Structures are given as structure tokens and as C-alpha cells.
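The opening residue of the sequence shown carries number -17 in our numbering; numbering runs sequentially from there.
Keep in mind the hints are simulated off the structure, nothing from the lab. All of these numbers come straight from a predicted model, not from anything done at the bench. Take the hints with a grain of salt, since some may be wrong.
Here are the computed distance ranges between Cβ atoms for each label pair [as the list claims (entries may be wrong)]: (1) T139 - D62: 48 to 54 Å; (2) G103 - E156: 24 to 30 Å; (3) A127 - A47: 41 to 47 Å.
With a Cα cut of at most 25 Å, we get these calculated SDA-like pairs of lysine to any residue [as the list claims (entries may be wrong)]: (4) K200 - R86; (5) K51 - H(-12); (6) K200 - A143; (7) K209 - L152; (8) K51 - R150; (9) K51 - G29; (10) K200 - P31; (11) K51 - L65; (12) K200 - Y102; (13) K209 - A136; (14) K213 - S198; (15) K51 - K200; (16) K200 - N212; (17) K223 - L152; (18) K213 - G128; (19) K223 - L186; (20) K51 - L(-6); (21) K213 - R123; (22) K130 - R204; (23) K209 - P126; (24) K51 - L152; (25) K223 - D135; (26) K223 - Q142; (27) K130 - A208; (28) K130 - E61; (29) K51 - G41; (30) K51 - R(-10).
Cβ atoms here follow ideal geometry from the backbone N, Cα and C, with glycine treated the same way.
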Amino acid sequence: MSSEVHGRTTRLELDDQALREWEAVVLDAGPDGIVLDRSAFYPGGGGQPPDHGVLLWQGVQTRIAGVRKGDDLVLIPVEDDPLPPVGTVVRGAVEDDRRSALMRTHSGLHLLCGVVFRDYGCLVTGGNMEPLSARMDFDLREVPAGFKQAVEDACNTEVQADRRIDVRTLPRTEAFEIPDIIRTATNLVPPEVQDVRIVDIVGLDTQADGGTHVGSTKQIGRITVAKVENKGRGFRRIRIKIED
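All chains, please: the whole structure from these sequences, using the hints.
What follows is the structure, given as C-alpha cells:
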């Protein structure tokens, strides 16, 4: 799998989701942020928030509070932290607890999506996450009796099944030949994207997705369905929590 490049930055986290530290060269640094030639900071997208972390250089630490996508992938330093000069070799480090929790949560949402699609045939209409808590909205007109507990039980059965979670990239035409590859009510893959990243919970759920994930469903941990809400027009919001 070849690394994706965003602007002047090679994105390392999409190929190696376990990577937490790496070396890079500063290409730009100023009031708008810092641009590196290589980065494993996930910039956010698909409901997954951006990573936090640090850059270490010449005995100095610059804390990274977020990432912005534009023409370049721009790291946002904590206000008043020092900026490394252009050309400086830095060591980047992603905050592990946050990233690992978000990976578990994101994979948990895919598992939830797979269970609800398989058992109830419902498409996703929205979603969002924070570390170890998340919500996903579904086009579900009627809520069957016992729905909340049934979904929770089915999710945890799939967690215990320890299904492998594979990530690969396919040409767009090949990706869209996979049945039900888009689980959202609206296709969110822009037409200009010709290489589509696929996240596959083997035997349960295969989706186009750009986020970071754990390697198997057992690594997600226990899923608790905290609440099922009626958001109007037949849309239902399922809120989940991830536990050890």
C-alpha cells in the first residue's frame, strides 16, 4: 500500500495505524501552523477528531492541539508554544491514549453499523465520536421491541468473535463493485477520489473509510448501548460507550 500524500505531507498513519513516533523535517512554520514532510497525526474526518501530540526538537517541545486540512496538512500548536524553524528535524509523537481510544471507538461504530445493517437493513445518516463514546444515526422508521438490548448483545457477540479488521486501498471502480460499500444514505466519497480506502470487518462490515482502526473486533472492548433517541422523521440516534 503506498502512502497517501496531502499537500506536501506524506501521511504515515493510514499505512501504519500503530505508529506513534517518527522523524520529519519542518517545511513551513508560522502563525497558521506547522507543515511537516511526514506526519502520523490523523487530521480528523468521518466523525473522528484529530490527534493531539508533540514535536520534539533541539531540546524543545511544541505541543500539537489539532490538525487542519487545506492545501497542506497543517499542525496547530498550542498557543504561545515555540515554533521549530523551517528545515529543522523534529520527532513527532502522537498522544497514544487518545489515539488508541479513538481507534477502538471508530472500529466500534463500524461494528455497530454492520450489526444494524445486517439485522435491520438500515443506512447511516450521521455520526460522531469522542474517545470511548460515540453516536450513530440511522434511517429506522420503527423501533422494534427490545431493540436497544438486542443491538448491544449482537455487538458484543461480534466483539467476542474477534473478527479481523483489514484496511486496503482499491481503485474507485473496483471499490464500488463491492456490494453495499457505502453504508451512508448519501455517498460521501467525492467523485475526484480515484483510490478508495476500504475498512473491512471480515465477515460483517465493509466500508469506504479514511479513519484509523484497531486490528480486530476483540480489541474494541465491550460496547454498551447507552441510549436510543428519536431524532424525528424516522431517524434514530444510537449512543454507545466503549469499555475495557
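Now the hints, each set against the structure:
1. T139 - D62: 48 to 54 Å: 50 Å, holds
2. G103 - E156: 24 to 30 Å: 25 Å, holds
3. A127 - A47: 41 to 47 Å: The hinted range 41 to 47 Å holds for A127 and A47, with Cβ atoms some 46 Å apart.
4. K200 - R86: It holds: about 10 Å lies between the C-alpha atoms, which stays within 25 Å.
5. K51 - H(-12): Answer holds: K51 to H(-12) is near 8 Å, not above 25 Å.
6. K200 - A143: 7 Å, holds
7. K209 - L152: 36 Å, violated
8. K51 - R150: Holds. K51 to R150 sits at ~22 Å (cutoff 25 Å).
9. K51 - G29: 14 Å, holds
10. K200 - P31: Holds: K200 and P31 sit about 22 Å apart, inside 25 Å.
11. K51 - L65: 19 Å, holds
12. K200 - Y102: Between K200 and Y102 the Cα gap is close to 23 Å, so the pair holds against 25 Å.
13. K209 - A136: 16 Å, holds
14. K213 - S198: 31 Å, violated
15. K51 - K200: 32 Å, violated
16. K200 - N212: 30 Å, violated
17. K223 - L152: 32 Å, violated
18. K213 - G128: 19 Å, holds
19. K223 - L186: Satisfied, since the Cα-Cα distance of roughly 20 Å is no more than 25 Å.
20. K51 - L(-6): With a Cα-Cα distance of about 15 Å, the restraint between K51 and L(-6) holds, given a limit of 25 Å.
21. K213 - R123: 11 Å, holds
22. K130 - R204: Holds, because 15 Å separates the two Cα atoms, which is no more than 25 Å.
23. K209 - P126: The hint holds at about 15 Å.
24. K51 - L152: 23 Å, holds
25. K223 - D135: 14 Å, holds
26. K223 - Q142: With Cα atoms ~16 Å apart, K223 and Q142 stay inside 25 Å; holds.
27. K130 - A208: 9 Å, holds
28. K130 - E61: Roughly 43 Å between the alpha carbons, so the hint for K130 and E61 is violated.
29. K51 - G41: The hint is violated at about 28 Å.
30. K51 - R(-10): Given pair K51, R(-10) holds - Cα atoms ~12 Å apart, limit 25 Å.
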